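Asker: Residue numbers (the numbering used here), protein chains in the order written: chain A, 1 to 322; chain B, 1001 to 1326.
FYI, nobody ran anything at the bench for these hints, they're computed from the structure. Note that the structure is predicted; figures quoted are calculated from it, not measured. The beta-carbon is built from N, C-alpha and C at its ideal position, and this holds for glycine as well. Do not take every clue at face value.
[What the hints assert, rightly or not] Below, simulated DSS-like cross-link-like pairs (lysine-lysine); rule was C-alpha separation at most 30 Å, straight line:
1) Lys1172/B <-> Lys177/A
2) Lys149/A <-> Lys1226/B
3) Lys1277/B <-> Lys169/A
4) Lys297/A <-> Lys1157/B
5) Lys1031/B <-> Lys149/A
6) Lys1152/B <-> Lys297/A
7) Lys1152/B <-> Lys177/A
8) Lys297/A <-> Lys76/A
9) Lys1189/B <-> Lys169/A
10) Lys169/A <-> Lys231/A
11) Lys1108/B <-> Lys1031/B
12) Lys149/A <-> Lys1079/B
13) Lys1172/B <-> Lys169/A
14) Lys1027/B <-> Lys231/A
15) Lys177/A <-> Lys1079/B
16) Lys169/A <-> Lys1108/B
17) Lys1189/B <-> Lys1157/B
18) Lys1157/B <-> Lys177/A
19) Lys149/A <-> Lys231/A
20) Lys29/A <-> Lys1152/B
[Unchecked claim] Sample of chain B residues at the chain A side, in silico, Cβ under 8 Å:
21) Asp1113
22) Ser1130
23) Trp1141
24) Thr1217
25) His1221
26) Lys1250
27) Glu1254
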Amino acid sequence: MAELLDLPEVLIIQPPPPFTSFESDFTQKFNILRAWESSLPLDQFLTTHAQSVQALLCHVFTPVNGDLLRLLPALKLVVSVSTGANHVDKAECRRRGIAVTNAGNAYSEDVADMAVGLFIDVNRIISAADWYVRRGLWSSKGDYPLGSKISGKRVGIVGLGNIGYEVAKRLEGFGCKISYNSRSERPSLSYPFYSNVCELAANSDALIICCALTDQTRHMINKEVLSALGKDGVVVNIGRGAIIDEKELVKCLVNGEIRGAGLDVFENEPHIPKELVAMDNVVLSPHKAVLTLESFKRGSEVMIANLEAFFSNKPLVTPVMD
Amino acid sequence: MADDDHSELPTVLVLRRCPFIALLEPKCSQKFNLLKAWDSPLPQDRFLTTHARSVQALLSSGNGPPITAQILQLLPSLKLVVTNSTGLDHVDLAECRRRGIAVANAAKVFAEDVADTAVGLFIDVMRKISASNRYVRGGLWACRGDYPLGSKIGGKKVGIVGLGSIGLEVAKRLEAFGCSVSYNSRSEKPSLSYQFYSNVCELAADSDALIICCGLTEETHHMINKEVLSALGREGVIVNVGRGAIIDEKEMVECLVRGEIGGAGLDVFENEPNVPKELFSLDNVVLSPHQAIVTHEAFVDLGELVTGNLEAFFSNKPLLSLAVIN
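Please build the complete structure, drawing on both the sequences and the hints.
Answerer: Set out below in structure tokens:
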């Protein structure tokens, strides 16, 4: 009992999956305040038990806004499981002097692998051909239609952060030519930079969306960009659904105005536009780019490292900068 | 006259009509006199004895007919076989070697596309892309929730079986994902830094995945057997872009059904287009209808490579893609 009280207190409202997978890693070091296990309604629980809590570890489904923060007067740190931490009102946290950390690059490799996997799949029609074979059509109908060569493709990466960089590195190994659009140019890299995503699209055979969802990037991939990408173009999205104007994307796919798409994220998950279900040139993935045990382990390590740093008055490992 | 012009062009023998030859014909017939065995009413043997005794070059398709010792015996002047495939299991290589006949294949053209398929299948199996695609299309994301976890690719030990042109392209790609690459091949390649295993079973024991990139020969037939699959283990993944018969397919299917290996990505099968039906219900298997080489661009490149090899031969220049026969 005494030992438990000595451990610093961390509030969790809904446990994020990495916590669930590696719970003992956390409970060895922290006294977890389990709001989700209480029969009390949340605000009552917080008022009763969380008035002196300094750290909150949260799932993407926990909106961290003024309403919540009002109930946590001692809070000084929000540790998000995600890279984007979009569920956190960062301005409100800043106002209250609350630091926010994210997952840093814990998931970058796995997300990049998924982006490349989807890109290969759309070009070489792997999922569609697999389905063709499973339905017995290879023996009855014959060979599947031709795919498209990957080597030599001009790939435009939208958002050259940690994930975009890992994608670029991998695709270079396939002989693709990389260019990018990002908030700012990265002079240390030799890839051609386009300040305008429409120009990037016009000069690319494929766009891979790797950026975060912000006010600037919402519906950034619109009718104009898709038009510039053209009939032979392919879109892969492992960022957030709302970066693309989904209605417009569906129209372009239905009308053959772009060649295909590989999508891990959608505007209204888990709902996907029903027009996409029948399309062989679209690969659909249920927002699983980070869903590996290894990513969960890495994510847990980053969250624990931030909590430890906080409680020992050391600099945070992955603070969110705006 | 047209005939005279035609007869000045070097002669290239083709045994059987096929889509590939039809595709090549317009370009080829401007540069070569295509001697078409199938066009003649004579049976093939008689045709060859009558018309092909001075033929120096033969254009062969991976789909057949096989270039056997019997056929080669009827072609005393033959010095070159050009095939549209990477695989050479349809050519009697020993007989070619005996007769001093060079063989040029299509490895260069296809190596990248085949490697892309190999890596694409590997990522698919590890990260369950095709399976979760079906899940979403079946409406299960909305009612059942998240798909089960996949497996990270970085840090995995990948064993490449056959480090030829395809195997090398696969290795190059996987390095960028953070995989560590080892290999088994007919002979060690000391200029490369990948770890060599002389025994495919030992390679399997030390690997998280095996990627089969070698050719089908007597030595490699059913090389991936019960012992190798056992050594690969419950978490192990196998990808095959070589030939179906390199793997003991019956054994592999049993291992997959019993959960004795972790998954498979297969572009080739022992009895195409027939695929063992037990595989249709497995989510940890990705099935590809032998299309590793099938891209529009590859066909164009292939035509150029085949024509280029023939041109080089007839002008006494080095072949573009001489296959090294051991």
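Asker: Decide, hint by hint, whether the structure agrees.
Answerer: For each hint, the structure was consulted:
Taken as a hint, the Lys1172/B and Lys177/A pair is honoured in the structure, with Cα atoms around 16 Å apart against an allowance of 30 Å. Distance check on the hinted pair: Lys149/A and Lys1226/B sit about 35 Å apart at the alpha-carbon level, beyond 30 Å; violated. The hinted pair formed by Lys1277/B and Lys169/A fails the criterion: a straight-line CA distance of about 38 Å is larger than 30 Å. In summary, the hint linking Lys297/A to Lys1157/B is supported, as the alpha carbons are separated by about 19 Å, within the 30 Å threshold.
Between the alpha carbons of Lys1031/B and Lys149/A the distance comes to roughly 28 Å, so the proposed pair stays at or under 30 Å and holds. Restraint check for Lys1152/B and Lys297/A: the C-alpha separation of about 11 Å stays at or below 30 Å, so the hint holds. Under the criterion of a C-alpha separation no larger than 30 Å, the hint pairing Lys1152/B with Lys177/A is consistent with the structure, at around 25 Å. The suggested pairing of Lys297/A with Lys76/A holds, with an alpha-carbon distance near 25 Å, which does not exceed 30 Å.
Taking the CA atoms of Lys1189/B and Lys169/A, the gap is about 26 Å. The hint holds against a cut of 30 Å. Taking the CA atoms of Lys169/A and Lys231/A, the gap is about 26 Å. The hint holds against a cut of 30 Å. A threshold of 30 Å between alpha carbons decides the hint, and for Lys1108/B with Lys1031/B the separation of about 22 Å falls inside it, so the pair holds. With a C-alpha separation of about 33 Å, the suggested pairing of Lys149/A with Lys1079/B is violated against the 30 Å cut-off.
In summary, the hint linking Lys1172/B to Lys169/A is supported, as the alpha carbons are separated by about 12 Å, within the 30 Å threshold. Among the hinted pairs, Lys1027/B with Lys231/A is consistent with the structure: their alpha-carbon atoms are about 29 Å apart, no more than 30 Å. Proposed proximity of Lys177/A and Lys1079/B is contradicted: the alpha carbons are some 40 Å apart, above 30 Å. Only pairs whose Cα atoms come within 30 Å are accepted, and Lys169/A paired with Lys1108/B is accepted, the gap being roughly 23 Å.
For the suggested pair Lys1189/B and Lys1157/B, the alpha carbons sit about 19 Å apart, so the restraint of at most 30 Å is met. At most 30 Å may separate the alpha-carbon atoms for a hinted pair to count; Lys1157/B and Lys177/A meet this at roughly 27 Å. For a cut-off of 30 Å, the pair hint linking Lys149/A to Lys231/A stands: about 16 Å separates their Cα positions. Between the alpha carbons of Lys29/A and Lys1152/B the distance comes to roughly 27 Å, so the proposed pair stays at or under 30 Å and holds.
The restraint placing Asp1113/B at the interface with chain A holds, with a minimum CB-CB distance near 6 Å, inside the 8 Å limit. Checking Ser1130/B against chain A by beta carbon gives a least distance of about 4 Å; that is within 8 Å, so the hint holds. The beta carbon of Trp1141/B is positioned within 8 Å of a beta carbon in chain A (closest approach about 4 Å), and the interface hint is therefore held. Evaluation of the Thr1217/B hint against chain A yields a violated restraint, the C-beta minimum of about 26 Å exceeding 8 Å.
Hint on His1221/B is violated. Least Cβ distance to chain A is approximately 23 Å, over the 8 Å limit. Hint status for Lys1250/B: violated, given a least beta-carbon distance of 18 Å to chain A, over 8 Å. Because the smallest distance between the Cβ of Glu1254/B and any Cβ of chain A comes to about 19 Å, over 8 Å, the interface hint for this residue is violated.
Taken one by one, the earlier hints fail for this structure at numbers 2, 3, 12, 15, 24, 25, 26, 27, listed in ascending order.
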